[in-house]
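Novice: We have chain P; now place chain C onto it with these hints.
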Amino acid sequence: MENIRSGKTMSEEKKRTIIPVGPFHPLQEEPEFFELSVEGEKVVDININLGYNHRGIEKLSEGKHYDQVPFLVERICGICSTSHPMAYCQAVEDITGVEIPLRAKYIRSIVGELERLHSHFLWVGLAGHFLGYNTVWMWAWKYRETVNDIMERLTGNRQHYAMIKPGGVRRDFEDEDIDWALKMVCTLVKPIDMFKGAVLDDPVIHARTKGVGILTKEDAHRYGAVGPTARASGVPFDIRKNHPHAAYNLVKWNVVVCNNGDVFDKAVVRILEMYESIKIVKQCFEMLKKEKGEIDANLKEIPVGEGIGQYEAPRGEVFHYVKSDGSNRPIRHKIRAPSYVNVPTAKSTVIGETVTDATLILASVDPCYCCTERIIVIDAGTRKRLMTGRDLVRLSQEKTRELAGRRTG
Amino acid sequence: MNDCVNKIKERFGNRLNVFEKSAKRIYIDVKPEDWTEVAGFIFNDLYARYQIMTGTDTKDAVEVLLHFAFDKDGMVVSLRTLVKKPGCEIDSVANMITGAEWIEREIMEILGVKFRNHPNPKHLLLTEDWDGKYPFRKDNV
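One line per chain: the protein sequences are P and C, in this order. Oh and the first sequence: position 257 is 1394 in the working numbering, straight run, nothing missing. Oh and the second sequence: position 130 is 169 in the working numbering, straight run, nothing missing.
These aren't lab readings, by the way, just hints derived from the structure by calculation. Note that CB positions come from ideal geometry on N, CA and C, so glycine has one too. Among these hints, one or two may not hold up.
Heads up, incomplete: computed chain C residues facing chain P, CB under 8 Å, no partners named [said to hold, decoys possible]:
(1) L85
(2) K98
(3) N134
(4) W141
(5) N156
(6) W169
Here chain C is said to cover these stretches of chain P; the calculated rule only asks that three of the stretch's residues, wherever they fall, bring their Cβ under 8 Å from a Cβ of chain C [as the list claims (entries may be wrong)]:
(7) 1179 to 1191
(8) 1359 to 1366
(9) 1385 to 1396
In silico EDC-like cross-links for lysine to aspartate or glutamate, where the CA-CA straight-line distance does not exceed 16 Å [as the list claims (entries may be wrong)]:
(10) P:K1196 / C:D178
(11) P:K1427 / P:E1313
(12) C:K123 / C:D99
(13) C:K63 / P:D1182
(14) P:K1419 / P:D1314
(15) P:K1484 / P:E1199
(16) P:K1460 / P:E1438
(17) P:K1179 / P:D1494
(18) C:K177 / P:E1195
(19) C:K98 / C:E76
(20) P:K1378 / C:D112
(21) P:K1460 / C:E102
(22) C:K177 / P:E1176
(23) P:K1378 / C:D110
(24) P:K1320 / P:E1355
(25) P:K1429 / P:E1311
(26) C:K98 / P:E1282
(27) C:K177 / P:D1462
(28) C:K63 / C:D99
Bound-form chain P, shown alone (with noise of 0.2 Å):
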């Protein structure tokens, strides 16, 4: 007797058990369907199943003109918010074929490099909360409020910050903020230096993560795997380095390559690319106080043809490629996530590990989350504010109070 859906005789298929990990699933805050067979401990075969969320971007994209296309991509993602419109910009500039302003490719990158910054904080946090360390998962969402508090002021806004726009940048830096958000930039040296040390000299993660999960270089290819995922398993690319563009051939940084293609090694990639994300933006920082000038190419119309767009976002390549028909909306708008390829490599890293190492290996490739929870009450018609930031805080307490009441009651 066979099952016809897996192929596998009914002697096989007792000897297995399958380990849903989604749609829902407390480790991962999008709904992601990871179905895990598995024998004994070991997983011998994985099943990922999507379309729980799917909104449909692309087809609204059509609907949208080519200056408001940008605030949609933005909402793709609430982590990597800047990466969408950047890659989306560049490919109509490519369509165009315009050339942005100096200040524009400076400020592009700033905002794209501490975008990384708080990204991997969050990351690293959340690779603490997987392996217990709880410790961890706290202090780098603390310093991630720093990188936060640096993009409200400059851009007014934690996240969605809105700055691209097909041409150029939609608001220019103040001279005051940059002294300000430059030496915030600088007090987070020391907190990564702390992170550098508590992950990567401590016994127990490299025993966690050394040698597991590991994605070799040829599957890296196979599979297209872009960013830190790719480059921890020894392929060279970053798409900031192989295809130029914002204000990286300008200044002097890096790109980190490891070969073991383990946990480990991914996480080794991004705590390093920390550092490299620093230097980026004070020397962008830096060049803004003597480039002053436009920050916008003004483009009117986007003539017929096609473009292509990337930009290498926290977790990797997005790719963006926009048609035109001469109209003032692009008739095919296809977007690529780095998740898209990064998530299928789990079919050749899971399988064979335990099912404890599952879900810190699917998290590995840093599938990704939004985070914009911060509110202001306010009455509609008068536009004043009715709760403060104390409020809330206070109301948080109450509702703790009467929890931890309602436990011991």
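Specialist: This is chain C only, laid out in the frame that chain P set:
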């Protein structure tokens, strides 16, 4: 012209049509029957990085693009072919390029292109009992 592009031209001669939009963006028109052979040469022999595929509906055919990056040269090479309606069939590259499995499944269900010999031709985003309409076909809107 770039070395890799010259190699592609040398190997396939007038079976394909190379259009150089700029030094970094090359588009190559390929006949559907040459699709997997050209893709295989670029992916395996020239060791280009597979990026993704794009499907676009046109009146009589579905245009399929297969994008490859030559990272050392900072160049993107896109193969282009027209898959004629109503049959709309073309060979799958997913047996060779594992990463293309998902996107081929996606193009199958949203644009109705049938990829022959696909290793796992299930729906990716839509439910298995979808009504059979293709959401990205222009005549469906």
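Novice: Now, for every hint given, state plainly whether the structure supports it.
Specialist: Now for the hints, and whether the structure bears them out:
1. L85: Interface hint status for L85 (chain C): violated (12 Å vs cutoff 8 Å).
2. K98: Because about 13 Å separates K98 (chain C) from the closest Cβ in chain P, which is outside the 8 Å limit, the hint is violated.
3. N134: violated, 11 Å
4. W141: holds, 6 Å
5. N156: violated, 17 Å
6. W169: violated, 11 Å
7. 1179 to 1191: Coverage by chain C holds here, the residue count being 3 at a Cβ distance below 8 Å.
8. 1359 to 1366: holds (count 4)
9. 1385 to 1396: violated (count 0)
10. P:K1196 / C:D178: holds, 14 Å
11. P:K1427 / P:E1313: holds, 14 Å
12. C:K123 / C:D99: This hinted pair holds, its Cα atoms lying about 6 Å apart.
13. C:K63 / P:D1182: violated, 40 Å
14. P:K1419 / P:D1314: holds, 13 Å
15. P:K1484 / P:E1199: violated, 34 Å
16. P:K1460 / P:E1438: With Cα atoms ~14 Å apart, K1460 (chain P) and E1438 (chain P) stay inside 16 Å; holds.
17. P:K1179 / P:D1494: OK: K1179 (chain P) and D1494 (chain P) at ~10 Å, within 16 Å.
18. C:K177 / P:E1195: holds, 14 Å
19. C:K98 / C:E76: violated, 27 Å
20. P:K1378 / C:D112: With Cα atoms ~11 Å apart, K1378 (chain P) and D112 (chain C) stay inside 16 Å; holds.
21. P:K1460 / C:E102: holds, 12 Å
22. C:K177 / P:E1176: violated, 47 Å
23. P:K1378 / C:D110: holds, 9 Å
24. P:K1320 / P:E1355: violated, 43 Å
25. P:K1429 / P:E1311: holds, 11 Å
26. C:K98 / P:E1282: Distance of about 51 Å is beyond 16 Å: violated.
27. C:K177 / P:D1462: holds, 15 Å
28. C:K63 / C:D99: violated, 30 Å
Hints 1, 2, 3, 5, 6, 9, 13, 15, 19, 22, 24, 26, 28 from the list above are not met by this structure, while the remaining hints are.
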